[in-house]
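As given, the protein sequences belong to chains S and H, one line each in that order.
Under numbering that gives the first Met the number 0, residues 0 to 286 are what the first sequence spells out, in order.
Under numbering that gives the first Met the number 0, residues 0 to 118 are what the second sequence spells out, in order.
Treat the hints as calculated values from the structure; they're not laboratory data.
On a predicted model such as this, the values are computed, not experimentally measured, just so you know.
Glycine included, every Cβ here is placed at the ideal spot set by N, Cα and C.
Examples of chain S residues lying across from chain H (beta carbon under 7 Å, computed):
no.	residue
1	Leu65
2	Arg88
3	Gly197
4	Gln200
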Amino acid sequence: MATVAAVIASTHHPFYYRASTSTGSERPPFADEWVAKIETFRDTLTRAEPEVLVMVGSDHFHQLWLDNMPQFLVGKAPFFDANWYNEEREFGLPRMTLRGQEDLSAHILRNGLDADFDLAFSNELRIDHSITCPIITLRPEADLPIVPIYTNIFAPPLPRPRRFVQLGRAIREMVESWPVDKRVAIVGTGHLSLELGGPRQFGEHGPDPDFDRKAVEWIANGDLDGCLAEVSLDSLHLPGNATHGFMDFMLMMGAAGDGVKADHVDSLDLFHTMEAYFTWYPNGVPA
Amino acid sequence: MSKYLLDKFLYTVDRDPDLVERFREDPEGTVSWWEAEMANTILNCTVQERSTWLQFTEPERRALREHDHVALFEMGAHPFLTLTLFIAMFERDHGPLEYQKAYGAMLRHLSLPYPDIAT
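Only chain H is shown next, with the shape it has when bound in the complex (with noise of 0.2 Å):
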């Protein structure tokens, strides 16, 4: 399991605004192509210079391919970032915070301990 790449992805697209809106509307093509082509590349040095080791596992792919929030939390993946990120992609479907109060709703099993999001 890589709580990291999951963070990876979350970080990257959520500061690009035309990855947000692919990663909205084709989840599936979107996370393929970021693992092939993003997922070993370090972000402070040339694309030559690749990591070669970095790669999701297949419930990590499920989870960002199906949008699952929940899913994602469970795992480990820093809130912030998926709060953000989904915000960026969903809130416009809804009215004011609706889409914010039905998020943390569909996180209502879970009890503290949360999963540990340290990487």
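Chain S on its own, in the form it takes in the complex (with noise of 0.2 Å):
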């Protein structure tokens, strides 16, 4: 059976690239600080010896739409193309090719499915900055192979927090019922407080620097009952616009364990969101 060699929870900042790559007065005030931060991150997911990712993200608008719009999907495919014309024009983000693992792929369809979740898939995605951020962040080297997944967290109507939370238990499950024997990474990525297009985007912090603090708190000590008490669809519009995007770690909270503490947990403060970053070892800390 496969491992879950480890779960990791992170925002997805599209802006990291530019800034970690940046020189002379090119390069972001802040840059220093947020790569090593990033380094140490890092280092979290290379002592795991991960030989598969399974990648929780959603789709910005690229390649699903309004005519035909999944709630959740898995891909399953040999390769999946990353990144797109807008990803590139805005955010400066290269193009990628990622390897998939398409019998882990079919492996959680098949055991979704039979689990009364009814997952969407696709054999040819073009993944964007959800999944590829934590790439450039966590394995910049691109060389594993990966199990897309994506959720809906910006097309309403959507699923419902406590949905996120129970997928997030049953990729973990499906994971370790994989009969095969290899380290599996879960990594997923969201938002905390966001504001997108509205008055409150682009200010000193997260538009909800409160919100901010309870969320990091919920994630670390993985206190899903004190997060769904007060996590509704109605109640993240008040954080901020695009502050749906936060029930993806809530889907890793549930991947990570009720009431398991996070082993690695750090922050940044940032200009218009803050950065948050989580990592579970369920088979204990590695050497």
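Put the two chains together into one complex; each comes in its own frame, and the hints tell you how they fit.
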């Protein structure tokens, strides 16, 4: 059976690539601290010695569109091309091609359907920065095969927060029941409070620092009860109009387990939004 | 009112570099052309298999022709689509983050709950 080598939850900041590779007067003042935190975070994945990555993210209206919108979708293909013209344009992200782990995709699709998750699938999926940002930050070699899983946090009506948690738990179980002796890391990215295209965007901090502090506590402590008691589809409008991306963090809390404290917790207060990084080692902290 | 069609306009223009420039330089002509030729194209179908019923209301046409991101927000167009496209068109005319901050400031009169973006 497969081993869950690490569970990792992160924000996906599309400006990291440009900030970390810029030099001289182009380099923002916060870049060095950001890079240092990312390198420490990257080491938490490297030490887990993963062979396969299950990557949870959310398409930002790149390939998935309102004429045919899945709530949860699993990519099943031998390769996934990545990043789009408008991400290259706005964020300077590079084009990439990642290998797929098709047999694990098939295993998750079959067992997910049998567990009452009506998962959509794609055999030709071009992935976006919700998945390539953590590749860039955590595994810049981009050398491991992936299973991309997309959630809809973007185009209402959305599934409720509890459903994200349930799917996270199911993904963990499905990886553990994959009858292949490989080390799998489950990596998912979302947002803390975030406003896009509204009056609270691009402030000195994220739009709701109080929500961010609470969210980091919930995640760090695996406090699903506390989180689910406060977070609903309606409540997520209050911290910022794009905060529904927090539900991908809730999915990862489901994958990490109720009440399980993260082994690595870090955050960075940036303009516009707070960064946050979490790693759990379900089978013990690697040496 | 068709939030869906507004979003479809923003989505199909934003993903095409030529259309981004065309909409920046000639918004009136681009909106007229798009509504006549593209509004009823189903994106995953051949051009012969078109829809027959999609059209803008006059206020929607006006908001697009006038590059009025405030009106688009108030109509419930998806704010991510509007922001991304407008950054592509206008950030170049401003200093770092200047455009994004001004864009937000023009929406300052809005309070929660924001207009519904469900389509």
